[in-house]
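Kindly generate the complete structure, drawing on both the sequences and the hints.
Number of protein chains: 2
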Amino acid sequence: MQNKQILIDSLPQGKLTAKNFRCEESEFPAIGEDEVLIKTTALIISAGTRAGLQGSASYAGAPEAGRVMNGTGVGEVVTSNCDTIPAGSLVTASTGWQQYSVHQGRAVEVIPADHDPVRYLGALGISGLTAYFGLLEIAAPKPGETVLVSAAAGSVGHLVGQLASIHGARAVGVCGSDIKAKVLVEKLGFEAAVNYKSEDFRKALKNVTPDGVDVYFDNTGGMILGSALFRMNKGGRIACCGVVSQYDTDKPEPSPKGIPGLLINKRLNMNGFLVFDYAERYAEARHQLLTWLDSGELQFLTDEVYGLEAAPQAFVDLLSGGNLGSRVVRVN
Amino acid sequence: MQNKQILIDSLPQGKLTAKNFRCEESEFPAIGEDEVLIKTTALIISAGTRAGLQGSASYAGAPEAGRVMNGTGVGEVVTSNCDTIPAGSLVTASTGWQQYSVHQGRAVEVIPADHDPVRYLGALGISGLTAYFGLLEIAAPKPGETVLVSAAAGSVGHLVGQLASIHGARAVGVCGSDIKAKVLVEKLGFEAAVNYKSEDFRKALKNVTPDGVDVYFDNTGGMILGSALFRMNKGGRIACCGVVSQYDTDKPEPSPKGIPGLLINKRLNMNGFLVFDYAERYAEARHQLLTWLDSGELQFLTDEVYGLEAAPQAFVDLLSGGNLGSRVVRVN
Chain A
501 MQNKQILIDS
511 LPQGKLTAKN
521 FRCEESEFPA
531 IGEDEVLIKT
541 TALIISAGTR
551 AGLQGSASYA
561 GAPEAGRVMN
571 GTGVGEVVTS
581 NCDTIPAGSL
591 VTASTGWQQY
601 SVHQGRAVEV
611 IPADHDPVRY
621 LGALGISGLT
631 AYFGLLEIAA
641 PKPGETVLVS
651 AAAGSVGHLV
661 GQLASIHGAR
671 AVGVCGSDIK
681 AKVLVEKLGF
691 EAAVNYKSED
701 FRKALKNVTP
711 DGVDVYFDNT
721 GGMILGSALF
731 RMNKGGRIAC
741 CGVVSQYDTD
751 KPEPSPKGIP
761 GLLINKRLNM
771 NGFLVFDYAE
781 RYAEARHQLL
791 TWLDSGELQF
801 LTDEVYGLEA
811 APQAFVDLLS
821 GGNLGSRVVR
831 VN
Chain B
501 MQNKQILIDS
511 LPQGKLTAKN
521 FRCEESEFPA
531 IGEDEVLIKT
541 TALIISAGTR
551 AGLQGSASYA
561 GAPEAGRVMN
571 GTGVGEVVTS
581 NCDTIPAGSL
591 VTASTGWQQY
601 SVHQGRAVEV
611 IPADHDPVRY
621 LGALGISGLT
631 AYFGLLEIAA
641 PKPGETVLVS
651 AAAGSVGHLV
661 GQLASIHGAR
671 AVGVCGSDIK
681 AKVLVEKLGF
691 EAAVNYKSED
701 FRKALKNVTP
711 DGVDVYFDNT
721 GGMILGSALF
731 RMNKGGRIAC
741 CGVVSQYDTD
751 KPEPSPKGIP
761 GLLINKRLNM
771 NGFLVFDYAE
781 RYAEARHQLL
791 TWLDSGELQF
801 LTDEVYGLEA
811 APQAFVDLLS
821 GGNLGSRVVR
831 VN
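Respectively, the protein sequence lines represent chains A and B. This note's numbering puts the first residue of the first sequence at 501, with every later residue one more than the last. This note's numbering puts the first residue of the second sequence at 501, with every later residue one more than the last.
For the record, the hints were derived by calculation from the structure and aren't laboratory data. This structure is a prediction, so every number in the text was calculated from the model and none was measured. Treat each hint with caution, since some may be false.
Unchecked claim - DSS-like cross-link-like pairs, simulated, lysine-lysine; straight-line CA separation at most 30 Å:
#: 1; chain 1: B; residue 1: K734; chain 2: A; residue 2: K757
#: 2; chain 1: A; residue 1: K706; chain 2: B; residue 2: K706
#: 3; chain 1: B; residue 1: K734; chain 2: A; residue 2: K642
#: 4; chain 1: A; residue 1: K734; chain 2: B; residue 2: K697
#: 5; chain 1: A; residue 1: K703; chain 2: B; residue 2: K751
#: 6; chain 1: B; residue 1: K766; chain 2: A; residue 2: K766
#: 7; chain 1: B; residue 1: K682; chain 2: A; residue 2: K757
#: 8; chain 1: A; residue 1: K697; chain 2: A; residue 2: K734
#: 9; chain 1: A; residue 1: K751; chain 2: B; residue 2: K539
#: 10; chain 1: A; residue 1: K766; chain 2: B; residue 2: K515
#: 11; chain 1: B; residue 1: K703; chain 2: A; residue 2: K757
#: 12; chain 1: B; residue 1: K642; chain 2: A; residue 2: K751
#: 13; chain 1: B; residue 1: K734; chain 2: A; residue 2: K734
#: 14; chain 1: B; residue 1: K682; chain 2: A; residue 2: K751
#: 15; chain 1: B; residue 1: K757; chain 2: A; residue 2: K757
#: 16; chain 1: A; residue 1: K734; chain 2: B; residue 2: K766
#: 17; chain 1: A; residue 1: K757; chain 2: B; residue 2: K515
#: 18; chain 1: B; residue 1: K504; chain 2: A; residue 2: K751
#: 19; chain 1: B; residue 1: K757; chain 2: A; residue 2: K766
#: 20; chain 1: A; residue 1: K766; chain 2: B; residue 2: K734
Structure representation (structure tokens):
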């Protein structure tokens with residue numbers, strides 16, 4: 501038996517292309533003490549992993565040519581040398597883009613048997629946890645406030661807007677197409693959404709935020725952050741979550757104008773965060789998110805592609821905004 | 501009797517020069533009901549007022565050609581139609597750059613008779629209050645933390661470093677000359693200070709912050725903010741107080757690189773503030789600041805010039821970093 505894998509063929513120069521990856525069959529992995537062998541059934545493709553391909557990461561196991569592309573997957577334990585995770589368990593782990601992977605038991609999270617595993621790639625996974633802690637802990641919107649979110653049709657963004665609505669705030673999205681904007685409003689209950697690629701974006705943003713913006717959940721940085729700064733109300737909060745506008749390039753654009761001048765005049769608070777700092781509270785957040793998912797107050801959108809070989813192009817497409825919701829690769 | 505005044509002759513194009521001002525003698529002002537006539541004895545020149553000369557201010561009474569230059573002064577009440585402020589009172593008010601000015605009683609603050617009025621231009625005035633609330637409320641350094649402050653020899657900065665030391669933190673200053681750096685360390689008790697104009701500034705900054713920076717009190721923005729961002733520790737706080745590097749120009753430089761990327765990776769909090777939001781707590785802060793001044797724990801440096809006619813050049817000089825401490829104009 502062979503293990504199909506997507507390897508990084510080369511780190512990208514400029515924009516990522518599917519040619520930066522290659523597909524290979526490798527030896528089937530063997531497992532050691534306290535380890536489990538996982539057969540991946542689905543992967544999430546996250547824009548944030550593009551940053552790791554910029555070549556500046558220096559931790560052990562950082563992405564580099566010849567390695568399996570990194571990513572979170574869900575799957576089934578095929579063989580186990582770990583007492584607490586028997587064969588047949590549904591799990592989530594840093595599987596990478598491959599059919600089979602071996603993990604220490606402690607690096608694997610078991611999914612309750614009656615749960616949809618794909619939710620653990622999105623609404624109950626890192627995206628949902630990021631939306632939960634970033635919005636509710638960092639930005640803490642109050643009822644009636646206006647919450648603006650960028651990359652609003654993305655994996656994190658589409659959840660952020662809904663969490664804002666659940667908390668009585670007015671959710672406004674910035675996204676990359678008119679169709680996405682329509683889905684955000686008509687299907688997910690955003691009060692408004694605007695397409696940043698439209699010619700009159702700044703004017704449109706002003707029109708849909710007549711009372712200004714109290715909370716901005718920033719997934720993009722760049723021009724959209726710059727535009728949001730001008731709509732912020734006095735005392736507004738900006739939760740800095742991601743910089744997707746700057747990932748797929750080796751020439752990042754300058755930071756938005758007016759920093760720190762606008763921060764002072766408007767008494768703004770910009771707060772960068774990483775969800776991993778909240779690891780001890782994941783269970784609490786998942787419990788709450790699950791309640792909202794089950795009640796239908798929170799909808800989790802996935803945008804699925806089929807087959808491991810489709811992952812590289814699905815990643816490239818994601819970086820130009822091709823996805824609506826969390827981009828999931830079904831691994832066969 | 502005539503009233504000597506410094507008027508704005510023209511709003512500056514590019515860098516401010518003394519020619520943007522003119523000196524005139526005007527009619528002596530008359531006072532109405534509930535008003536007082538103040539004879540100014542000293543003024544403070546603040547870098548922040550340069551921003552108001554950029555021509556974008558739109559409030560009533562905004563600086564424009566033909567108006568008396570705005571600024572805070574201290575002086576003596578010469579004539580009073582206000583029961584609570586008898587003639588002879590020492591007061592502080594928005595006198596502007598002139599010998600005599602008329603104010604509603606409620607727009608004037610009476611200085612206790614046994615106090616040095618000049619302190620109300622600095623350590624007990626807006627500079628001291630800004631240092632107090634910005635450092636202790638916004639940034640809240642803990643004992644043992646490293647507090648970096650820019651424009652550290654300036655009106656606000658030299659107080660910030662000392663307040664940090666009083667609270668058990670390690671104060672490090674960034675200033676614009678080696679002499680200033682020496683004064684900060686040897687006279688004011690900063691643990692270290694570096695000259696941003698030196699060739700190896702970034703290296704020097706790294707050397708004097710071996711444990712990184714926990715709190716950055718930013719008076720400058722621009723390149724110094726950019727350098728500080730790279731020294732920040734995870735979870736660090738940046739109190740955004742002023743942007744003096746960008747005031748004296750009509751072509752502001754781009755914002756520092758790495759915003760919001762570095763904010764996310766380091767979980768930084770950038771918080772803009774204006775001291776006026778704390779007006780209800782000025783009395784509490786002044787009481788505390790006075791205690792430290794009287795005990796000698798807090799030293800207030802003034803850098804004085806003599807005569808109203810000297811004010812324009814003293815302002816120009818201040819904007820290129822000529823001052824050490826609060827720049828005060830003695831009005832004769």
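Cross-check of the supplied hints:
1. Pair hint B/K734 plus A/K757 holds up; C-alpha atoms about 24 Å apart against a cutoff of 30 Å.
2. For the given pair, A/K706 sits about 43 Å from B/K706 by alpha-carbon distance, which is inconsistent with the 30 Å threshold.
3. Our distance criterion of 30 Å between C-alpha atoms is met by B/K734 and A/K642, whose separation comes to about 28 Å.
4. Distance check on the hinted pair: A/K734 and B/K697 sit about 35 Å apart at the alpha-carbon level, beyond 30 Å; violated.
5. Note on A/K703 and B/K751: the hinted pairing holds, with a Cα-Cα distance of about 25 Å set against a maximum of 30 Å.
6. Distance hint between B/K766 and A/K766 is fulfilled; the C-alpha atoms sit about 23 Å from each other, no more than 30 Å.
7. Using a Cα cut-off of 30 Å, the hinted pair B/K682 and A/K757 is violated, with the two alpha carbons roughly 34 Å apart.
8. For the proposed pair A/K697 and A/K734, the alpha carbon gap of about 27 Å is at most 30 Å, so the pair holds.
9. For a cut-off of 30 Å, the pair hint linking A/K751 to B/K539 is broken: about 58 Å separates their Cα positions.
10. In summary, the hint linking A/K766 to B/K515 is supported, as the alpha carbons are separated by about 26 Å, within the 30 Å threshold.
11. A hinted pair counts as satisfied when its Cα atoms are at most 30 Å apart, and B/K703 with A/K757 qualifies at roughly 27 Å.
12. With a C-alpha separation of about 38 Å, the suggested pairing of B/K642 with A/K751 is violated against the 30 Å cut-off.
13. A C-alpha spacing of about 27 Å is found between B/K734 and A/K734, which places the hinted pair at or below 30 Å, so the restraint holds.
14. This hinted pair does not check out: B/K682 and A/K751 have alpha carbons roughly 40 Å apart, beyond 30 Å.
15. Taking the CA atoms of B/K757 and A/K757, the gap is about 11 Å. The hint holds against a cut of 30 Å.
16. For a cut-off of 30 Å, the pair hint linking A/K734 to B/K766 stands: about 25 Å separates their Cα positions.
17. Between A/K757 and B/K515 the CA atoms are separated by roughly 20 Å; this keeps the pair inside 30 Å, and the hint holds.
18. Using a Cα cut-off of 30 Å, the hinted pair B/K504 and A/K751 is violated, with the two alpha carbons roughly 56 Å apart.
19. Note on B/K757 and A/K766: the hinted pairing holds, with a Cα-Cα distance of about 21 Å set against a maximum of 30 Å.
20. Distance restraint check for A/K766 and B/K734: the Cα-Cα separation of roughly 25 Å lies within the 30 Å cut-off, and the hinted pair is therefore satisfied.
In summary, the structure is inconsistent with hints 2, 4, 7, 9, 12, 14 and 18 from the numbered list given earlier, while agreeing with the others.
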